[in-house]
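Undergrad: With the hints as constraints, model all of the structure from the sequences given.
Sequential numbering from 1 applies to the sequence shown in our numbering.
Hints in this document: simulated from the structure, not taken from any laboratory. Every clue listed holds true.
FRET-style restraints, in silico, Cβ to Cβ:
# : residue 1 : residue 2 : range
1 : C10       : N123      : 24 to 30 Å
2 : Y265      : R398      : 20 to 26 Å
3 : S141      : Y265      : 39 to 45 Å
None of the values given here were measured: they were computed from a predicted structure. No residue lacks a Cβ here, since even glycine has one placed at the ideal position from N, Cα and C.
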Amino acid sequence: MGQVYSNAVCTLKADSAKSCMESFLRMRDDLWREAVPIHINRYGTESQIFVRLLPYVEACPTDARGWILQETLLSKRLIGFTHSQVVFSCGGGRITEDGDLREESRWLIEEAREVWLRIEPENAAWLWRSIVVDYSYRKLSRVEDKLAAIAGLASAHKIRNLSADQYLGGLWRSSFIQDLIWRPETNENLTHLDKVQPPLVGYPSWSWSRVDGPINYPQNETYEVLDGYTSLVGVRFCRQDEAEFDPRPSIEVTLEGPSVAIELYSSPTEKTLHWKPVSATWKKNYNSLTLDFPVEAVKMSSDKSQITLVPSLRHTDNELHGLRVKAHFILLCTDCELAPHAYFLLLVPSSVDETKYVRIGLYYDFFGFLATARSTRRAKQAKLKRLESWLTQRMEKRSFVVI
1 MGQVYSNAVC
11 TLKADSAKSC
21 MESFLRMRDD
31 LWREAVPIHI
41 NRYGTESQIF
51 VRLLPYVEAC
61 PTDARGWILQ
71 ETLLSKRLIG
81 FTHSQVVFSC
91 GGGRITEDGD
101 LREESRWLIE
111 EAREVWLRIE
121 PENAAWLWRS
131 IVVDYSYRKL
141 SRVEDKLAAI
151 AGLASAHKIR
161 NLSADQYLGG
171 LWRSSFIQDL
181 IWRPETNENL
191 THLDKVQPPL
201 VGYPSWSWSR
211 VDGPINYPQN
221 ETYEVLDGYT
231 SLVGVRFCRQ
241 DEAEFDPRPS
251 IEVTLEGPSV
261 AIELYSSPTE
271 KTLHWKPVSA
281 TWKKNYNSLT
291 LDFPVEAVKM
301 SSDKSQITLV
311 PSLRHTDNEL
321 HGLRVKAHFI
331 LLCTDCELAP
341 HAYFLLLVPS
351 SVDETKYVRI
361 GLYYDFFGFL
371 ATARSTRRAK
381 QAKLKRLESW
391 LTQRMEKRSF
401 VVI
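TA: This is the structure in structure tokens:
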């Protein structure tokens, strides 16, 4: 499918039709495009100007469909038939029937498309995360198509920009650690988890494809992976016949980096999870622990006296009353552009195999006590070294197999 749109001279886009049962060629309402005169009397001089509404060509039914994304991005030229006018776009920009010419669009997908058509390799990772965020807001008739509907785009992305890279269930090996810093869009804090849909079954716990809804990444793109500390050291495809762009991947990844053993707990009267380090001295300045999904406690299959957490497949509130669960943080990235802070992956033992782990959330901590008033490059490097030293003194390097 991706080759069809990539090799097409021009793609016609039925923007005004809600389904294939509707026509996209229809009589248009041109009244809203008419210019309205406004009389002006300034400094005794009478004149008039004509104004009209800007074209809102982005408000089209097709923009909410998951499959349409890759068809839009892969096409070299697009002619869109909207409710009010015809729109032409290509890598150079967009022009509408009423003469509105834009080199850069106001909305994400057109901007991403223009970048896509003239992408530089160094921007490939950023572009992919932007595409994933846009894609996550779109609807699919079948949730089983979560990765299938973007596979053609991923394949083309690899051919054009990342030929030596490896696609791993919606993420890329070269930027895997940064790609892990996703979280559900509605996840303001633990008390709002009732807004989050249960996870999709059949996808790795570390992949955004498990989320049935919108996700986001941190807005600040200056975070860094600490060299020699956090890395993807192993990938195992669990099925022998599994292809790289398999729509239902079964992949285990091995992460190696600074980690700290923690205990997740809640009081008998609370539904919110708290955490504390098992042995390390950790000064929590900004305790932002967010879960990917509602969770529930289950007994370990190997030791019934031990419990762990699993995403709840039901539309239910957190069942966290009075529990205590062993878990780990593993350091993903740091950002010292302003005040030092870091992102950690929250891992708990798998209920099926205690030697393996599953992702259940993300932790963000702010280390204001390491900050300085300066914002120069040298000051940033100094903050990064202090943060690195502080973290490594309290964390130990170890490996986790995450499924």
